[in-house]
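We have chain A; now place chains Y, C and U onto it with these hints.
Protein chains in written order, with the working numbering: chain A, 24 to 169; chain Y, 24 to 169; chain C, 24 to 169; chain U, 24 to 169.
The hints are simulated quantities; they were obtained by calculation from the structure and are not laboratory data.
Check before you lean on any hint, since a few could be wrong.
Note: identical chains are not told apart, hence a pair may lie in one copy or across any two.
Claimed, not checked - Okay, derived cross-link-like pairs now, DMTMM-like style, lysine to aspartate or glutamate, Cα gap no bigger than 25 Å in a straight line:
no., residue 1, residue 2
1, LYS169, ASP96
2, LYS169, ASP108
3, LYS152, ASP98
4, LYS169, GLU150
5, LYS152, ASP96
6, LYS152, GLU164
7, LYS152, GLU134
Fair warning: this is a prediction, and the values are worked out from it, not measured in the lab.
Number of protein chains: 4
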Amino acid sequence: MNLPISSPPPEPYRYTYHVGFGDCDPAGIAYTGALVNAALRAIDRFLSDITDGRGWYAMSVQLGIGMPFVHLDVDFAIPVRGDADLEFTVTVTQLGQTSLGFQVMGWQRSENCFRLNSVNVFISRMEGKQPLPAWLRTALEPHLSK
Amino acid sequence: MNLPISSPPPEPYRYTYHVGFGDCDPAGIAYTGALVNAALRAIDRFLSDITDGRGWYAMSVQLGIGMPFVHLDVDFAIPVRGDADLEFTVTVTQLGQTSLGFQVMGWQRSENCFRLNSVNVFISRMEGKQPLPAWLRTALEPHLSK
Amino acid sequence: MNLPISSPPPEPYRYTYHVGFGDCDPAGIAYTGALVNAALRAIDRFLSDITDGRGWYAMSVQLGIGMPFVHLDVDFAIPVRGDADLEFTVTVTQLGQTSLGFQVMGWQRSENCFRLNSVNVFISRMEGKQPLPAWLRTALEPHLSK
Amino acid sequence: MNLPISSPPPEPYRYTYHVGFGDCDPAGIAYTGALVNAALRAIDRFLSDITDGRGWYAMSVQLGIGMPFVHLDVDFAIPVRGDADLEFTVTVTQLGQTSLGFQVMGWQRSENCFRLNSVNVFISRMEGKQPLPAWLRTALEPHLSK
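Isolated chain A, as found in the complex:
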């Protein structure tokens, strides 16, 4: 695998997750499943932060909308240490009519440990696949990677 970027770009959205004892497996490093969950948490925080709280939780509980994953892939480069910060950068990789994509990179001490890419579709609970609403598109656009 080849993860060419060697230090996090200064601009993207950042979220820090502290890798806990309970995130680590008997090999003494963060468990793969815990890393995927932490990366999803980074997208969750990103969306809520850039939309004044209309992230996954409000979308689901209050707005009757959502953005289920249709795809995710992860490349792991370096094991993630426990009891240490894992810095995430989150960018938007695509912004279609009804679909969108995220890239989440996880860093420890300026080294890129892993990178998750997703494809999500935008839905309303009642009517299925939908165009993204304007407020969401507007919030995401500044984070679209060129």
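Okay, now just chains Y, C and U, sitting in the frame of chain A:
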């Protein structure tokens, strides 16, 4: 997304996971992160079952070896219902000198809900990347998908 | 701590959970949080099984009712090994007008590893604390420990 | 249940956990198991912070020691909202020769949502139950609740 296989093949290793209330999110379906964790659990059980207990746990705790993930990708086709069985099939997709790959498909009522593919490397804690030991290769070979 | 019962009684509801690699922490045993989650999973399965599927999931998603925890306590006697079955027994310890209690005991190789007790209240989403409905009381009564 | 303290005391150790979408269940509130895990995470951070990094992770991976739970109990007063901060306060409730206890209180908007108490024993992997080492006792003492 196009998941062409419409019913699970009869032969592969099978593992049943029951999707619990705690695996489900406010949208009332299994959370993406819980699905990835359940699929990893399917690989974990597969490896332990086909090796007389020398799966990830014994590899790590007793044998000083392991098979960290370098890649995983998941395609999600159908939401996974809660309080219902999620049937997994597990196959080996590649078996190289020092690397291997798994495919895990998740099914509910004979419908393929999602499919995870992984690439893992085989390591010993002391010496890094290693050729797979004979006992492991022998156990995996019958499960190699053609 | 004193856990006097030395083998599981034959009668109570039983549920088997397999402790996975991802449930274990760097000490090589099941993480405390994973054990509590597994015990909650045992209650989840118990309720669904004894009510023909009207467990926590259906209660929440279809019926607009629930039984939030107001208390739980756990006594841990023996570390729980990974890649091994953890056998649970579940009984009902109290069955009041609007509250109920569960006891979940976790066993490995006929040794009691830990014991969780809970107090839950019965609620409807619209009206708050409620008397247990007849169908639920009837389902629970045979499992009430004397 | 009666949780008489109506606002967090100013002095104890504080840790903020953000309740994510994936921590919430189909009822739209934080899942009980996720809350217990978050409270354990608060103890994990507390210990690491007050000992210059010699928390559960370093104890287990580097020092061959640990403090397994022999007891925990939790009282839940108020449901915990998703996509919102959950503020924890952590204090030491007892500090014996070989055992110790923690109290973790979870708060949202100055309301106490739940309270966890634990009893832990101090062990070395080689020799079992042990007196707490001086460096740990010294770090814990200032946090002992009167």
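These are the hints, each one checked on the structure:
Taking the shortest Cα distances, LYS169 and ASP96 sit within 25 Å of each other both inside one copy (20 Å) and across copies (23 Å). Taking the shortest alpha-carbon separations for LYS169 and ASP108, neither the intra-copy value of 28 Å nor the inter-copy value of 33 Å comes in at or below 25 Å. Taking CA atoms no more than 25 Å apart as the test, LYS152 paired with ASP98 passes between copies only; the shortest distance there is 17 Å, against 29 Å inside one copy. Taking identical chains as interchangeable, the C-alpha atoms of LYS169 and GLU150 are never at most 25 Å apart, the minima being 32 Å within one chain and 41 Å between chains.
Taking the closest pair of Cα atoms, LYS152 and ASP96 come within 25 Å of each other both inside a single copy (22 Å) and across two copies (23 Å). For a Cα distance limit of 25 Å, the shortest separation of LYS152 from GLU164 inside one copy, 20 Å, qualifies, whereas the shortest one across copies, 42 Å, does not. Only between protomers do LYS152 and GLU134 lie at most 25 Å apart by alpha-carbon distance; the minimum there is 20 Å, versus 38 Å within a single protomer.
In the structure shown, a violation is registered for the earlier hints numbered 2 and 4, in ascending order.
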